[in-house]
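Based on the provided sequences and hints, a complete structural model is requested.
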Amino acid sequence: MPLFKHGRFVEDPWLFLADGEPLPSEGMIVLSLARPTGVEAPTLADRDGWLGVRLEPADPLEEVVPWLPRLALVALAFPSFTDGRPFSTARLLRERHRFTGEIRAVGRILVDQYPFLLRCGFDAFTVPPGPALRGWRERARLGPVYQPDSLGEVRSIWHRRHPELVSAS
Amino acid sequence: MYRYDGWDAAFVRERIARFRDQVARRLRGELSEEEFRPWRLMNGVYLQLHAYMLRVAIPYGTLSAPQLRRLADIAERYDRGYGHFTTRQNIQFNWPRLVDIPDILEALAEVEMHAIQTSGNCIRNITSDPWAGVAADEIEDPRPWCELLRQWSSDHQEFTFLPRKFKVAVSGGLRDRAAVRIHDIGLRLRRDRQGRIGFEVLLGGGLGRTPLLAQTVRDWIPGEELLSYLTAILRVYNRFGRRDNKYKARIKILVHDLGIERFRQLVDEEYAVARDPDLARFAAAEIARIRPFFAPPPYADRAADAAASRHLAAIDGTFARWLRTNTAPHRRRDYAIVQISLKPPGGVPGNMTAAQMRALADLAERYSCGEIRVTAEQNLVLPHVARGDLPALWEALETGGLATPNLGHLSDIVACPGLDFCALATARSIPVAQAIGRRFADLDRQYEIGPLKLKMSGCINACGHHHVAHIGILGLEKRGRESYQITLGGSGGEEAAIGRVLGPGFGAEEIVDAVERVITTYLAGRRNREETFLDYLRRVGLQPFKDALYASV
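Going line by line, the protein sequences match chains A and B.
The first sequence begins at 971 in the numbering used here and counts up one residue at a time.
The second sequence begins at -5 in the numbering used here and counts up one residue at a time.
No lab work stands behind these hints: they were computed from the structure.
Do not take every clue at face value.
A short list of chain B residues far from chain A (calculated; beta carbon distances all over 10 angstroms) [claimed, not checked]:
#1 101
#2 263
#3 345
#4 515
Beta-carbon label-pair distances, calculated as ranges [claimed, not checked]:
#5 A:1130 / B:455: 38 to 46 angstroms
#6 B:435 / A:1049: 48 to 56 angstroms
#7 A:1049 / B:418: 24 to 32 angstroms
#8 B:455 / A:1099: 38 to 46 angstroms
Built from N, CA and C at the ideal position, the CB exists for glycine as well.
In structure tokens, the structure reads:
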């Protein structure tokens, strides 16, 4: 699946493993939440190589929190582009749990959602191959927004109107 | 009134450019209807029975004369010469072609209007008291807070793909004129002992198939903390609200299922960590920036001729009855709040022709500091009229067919568009409302009946707010025929209540007679003229009405 990151399509170094698949001894792997919280927990804790977790919208976030220092990627699944739960999950990961690894949107997303996803902390997006690729190259950009994000990375309209408040934060 | 700065204008322009691109992709077939749907809804575009419909926001119900003129232009150019005011301070245009809608949005943007988030599973147009800024009982004008919320909720990064629509109303008066208890979140402005502005927060109201009144989730939140607190509520809802069944997806169901105590606990836990001092600083700075836009207009002192309307009323009964029913006390004694009924006998509730819009825009400039308000009961308001100008204004309104003196009476009917337009409707509402309006057109009879709110919806979604009407009518479909169910005893605003179903429905040809029997039952049973319909109903209950309507069956 093509991967869009930092404004362009890049090679995806990560391997997404299904629940039954054996753990490779090395390499960058992404697992469902069931595996690091299940019997494989000790193996995974000792394993070399980068680890990622894929969360479904209903997965309890608190179960992944202890693992966050070990994770370089959290993939948030969109079973449908109208399911808005991962927007909250991403903000909580970034703003509350200070997760600095990659937050990737996987599943059904639309390029028109890019400005919303980006501001919630997503920084990588899987895009279905085909005509959507051109759409992402042309349309994945951010326009003016009102809401400051608590990381202060987006210069919102309110930031621009009240520059005196920016340094106070 | 609020005026856009360059940033507001840039934001709206960018939204239109994006939507123009989305429309083009839809027309080229690059977006399916499913993929296009969230974007057209967030720009106010519905797919109705016969055509598209565009719902334009009138944020917190405040309009300027040039804005009303622009609505008239759009009605003429893209609709069939009229617009339809809704129950949530919006105006709807039927029949626009999809390809024209970006141009309509550009025409709106030129007068600082938009259709942003008038539909979709996001935070909808923020509604407020139509008497904001002029009501005698006001704590503070709620509109700066509405404007803050308008900005905060526009393209919100986290809360644009909610389980379901989300409606917020803000009331600034001691009395609630914004129907806060039928909203997902209702905010009532309060001052604490130190004089600081804050809000009582009500949660989980809504009509539809499960009518529920909002409950207080917090007695007091300081004004600058409002955005963090709302973030906490919306986050709990976005994460845990049901998404498996759209009829169970509103926040009211989550509040009901968890119970208000448990919900409050979840919100408080979230608020404790989500509380964002930066957001509070921005909110305070924005409120300080926005407030001066809503400063009172430069009123001329008109105490000298304020008695003119009393003098005319003494000799002209027609003027006197309009003065009595359609004007309300202004916070200045030499001024009045003038209510414009969009319910002429036999008319379509809430409809206004382009010619009437232009005439009213002119009158607003001449007599109301250029300002018009839109109410949740599908009427309009001229908020700043000098009492000395009332006779001249009344005469001009009469000429334009805008002086129907029926405010708050039986023929001041609220009705949704129903099966004549709406894809969700199960029955017609407009023709029934018209028939009731004609049957009770006699004003003296209406005054004899006294204050009465009749509202009707053409389906269970309850856009006509029939649940909170003294007499509510719900149009359903039973075995291929329209069936109209009556509810009695509902009330919006202060002392809000959900009406109770009287019994089996009536056919389209029977419903007007059924309403007539409800009225005659009340008139025959009331103690005196001071006992209103609602008072009588609360005293005697449904039984006398059931006897009158069903005894012979």
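Hints versus structure:
A cut-off of 10 angstroms between C-beta atoms confirms that residue 101 (chain B) is not in contact with chain A; the least separation is 21 angstroms. The beta carbon of residue 263 (chain B) sits about 12 angstroms from the closest Cβ of chain A, which is more than 10 angstroms, so the claim that it is off the interface holds. With a least CB separation of 33 angstroms from chain A, residue 345 (chain B) remains clear of the 10 angstroms interface cut-off, as annotated. No beta-carbon of chain A is positioned within 10 angstroms of the beta-carbon of residue 515 (chain B); the least distance is around 48 angstroms.
Range check, residue 1130 (chain A) to residue 455 (chain B): about 40 angstroms between beta-carbon atoms, so the 38 to 46 angstroms window is met. For residue 435 (chain B) paired with residue 1049 (chain A), a C-beta distance near 55 angstroms keeps the hint of 48 to 56 angstroms intact. Separation of residue 1049 (chain A) from residue 418 (chain B) is about 26 angstroms and conforms to the stated range, judged on CB atoms against 24 to 32 angstroms. Taken as a hint, the range 38 to 46 angstroms holds for the pair residue 455 (chain B) and residue 1099 (chain A), whose Cβ atoms sit roughly 40 angstroms apart.
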